[in-house]
Amino acid sequence: MRTVKAPNDMSEILNTLTESIKAGKRKDAKAATEQALSENIDPQQILAALTMGMDDVGRRFKANEIFVPEVLVAARSMKSSMELLEPVLAESGYTPDHTVIIGTVEGDLHDIGKNLVAMMLKGANFSVVDLGTNVGAQAFVEAAQTHKASLIGLSALLTTTMTAMREAVALFREQGLAAKVMIGGAPITEQFAQDIGADGYATDAASSVDLARSLVA
Amino acid sequence: MNGPGQTQPDYGLLACDVFADELVALGGESPPWRALTFLEMGLHDHPDQLRQQVQSSIAELEATPGISRIVLAYGLCGNGLLGVRAGRVPLVIPRAHDCIAMLLGSAARRQALMRDVPGGYFYSPGWIRGGRVPGPERDAYLRDLFQERYPDDPELVEDLLEADRDTFSHYHTALYVDVTQDDGARNKCQQCARSLSWSFRMLEGDPAWLRDLIWGQWDAERFLTVPPGASIALDGEALIAR
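Keeping their order, the protein sequence lines are chains A and B.
Quick note: the first sequence, position 178, residue 188 per our numbering, numbers continuous.
Quick note: the second sequence, position 181, residue 440 per our numbering, numbers continuous.
Hints are computed from structural coordinates only; laboratory data are not their basis.
Virtual Cβ for every residue (Gly too), placed ideally from N, Cα, C.
Each computed SDA-like pair below joins lysine to any residue, with the alpha-carbon atoms no more than 25 Å apart:
| no. | chain 1 | residue 1 | chain 2 | residue 2 |
| --- | --- | --- | --- | --- |
| 1 | A | 37 | A | 19 |
| 2 | A | 72 | B | 426 |
| 3 | A | 158 | A | 183 |
| 4 | A | 89 | B | 414 |
| 5 | A | 158 | A | 203 |
| 6 | A | 72 | B | 417 |
| 7 | A | 72 | B | 408 |
Heads up, incomplete: computed chain B residues facing chain A, CB under 8 Å, no partners named:
| no. | residue |
| --- | --- |
| 8 | 305 |
| 9 | 338 |
| 10 | 370 |
| 11 | 373 |
| 12 | 425 |
Only chain A is shown next, with the shape it has when bound in the complex (with noise of 0.2 Å):
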């Protein structure tokens, strides 16, 4: 039995979900979650409220209006409304078509851009496999072939460490990997990515979304 939601109290509770994100209460986004799902919202809606939320943290923090904790506590309140999402989204059918491998490279322990660029991808359907960080460059071809993975996504922070995205993709055109491989990161310029012969590089978390849609395509 399905009661069908009036379009009002729907996109109170979505905008509840959307605030409670970019406020980065994690359980005002958990209980919104709950509330949206018990009343049988749309779960592509639900995870387009989240989604909306997170990109409004990353326009605010490109822009310096917050800082990097404020984009923190707003993932994990993503999160946490993911966790309870996700299920349902499986269960509806809305299932990943491409997985992608994602990691910061050898030496480099920064993984706050990663970790939101993982929960992007996420949160548009790609199936996700986090190598974490400080990972060599042969784990990422492993994992590429393991999971037949279409993409993957290097991140440094430091230009100390750019020179181990430029050994890694080396890597991945020798061993002649099928996936795309984007790049990003502070110091990551379009021309670098051009130099190491990357597919593509991403400004911030929301433009990866993009960027790795635009690359499976």
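We have chain A; now place chain B onto it with these hints.
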């Protein structure tokens, strides 16, 4: 070429505030620069802002009479220096990734430390003075800031502070590098390490690179000179003028 005992200072020095103590110490009583501009530290977190501020400071320094060169006490700094253009006069910049390499005296030493102590977080007297490095002063600063921003939500403030501490959870050692024998800063760094339950390691700083930067010993191996009209660029891993 300039050097100790030179006649007339003829360059403008544009420096990150993180080097203030070191540059003043190395410059001595009659420093070799004609004009000195400091920009706030930490701008490498926002490379576009850093680039913009460096570029406009170059324009201001160039307008100073008697300036025939601008020396940058900067490295790549999150690639914030890439694309910076020399105007009327040449630029000189160390071929360094960041201030830590300069304080350690060489890029190779910095790379070796990164490799040997991957969980090491670098501190210097300048960074200690700035009060934004991991430790009690950063906590206090962020607590004030978030309390002001979210006055009605103490729970969120605690969440935010915890999230900030989490961003440093991969580190386990405070690597302190100093060329000025600043005991006060060293003590503070030890306090930072204690408050985070990290170990503390004192690294002997090597002032040679910074000293040679300000005293005009600009060999091509350690320094890039960018002629008027050209910009700072990367060719592979090497800093070049283009």
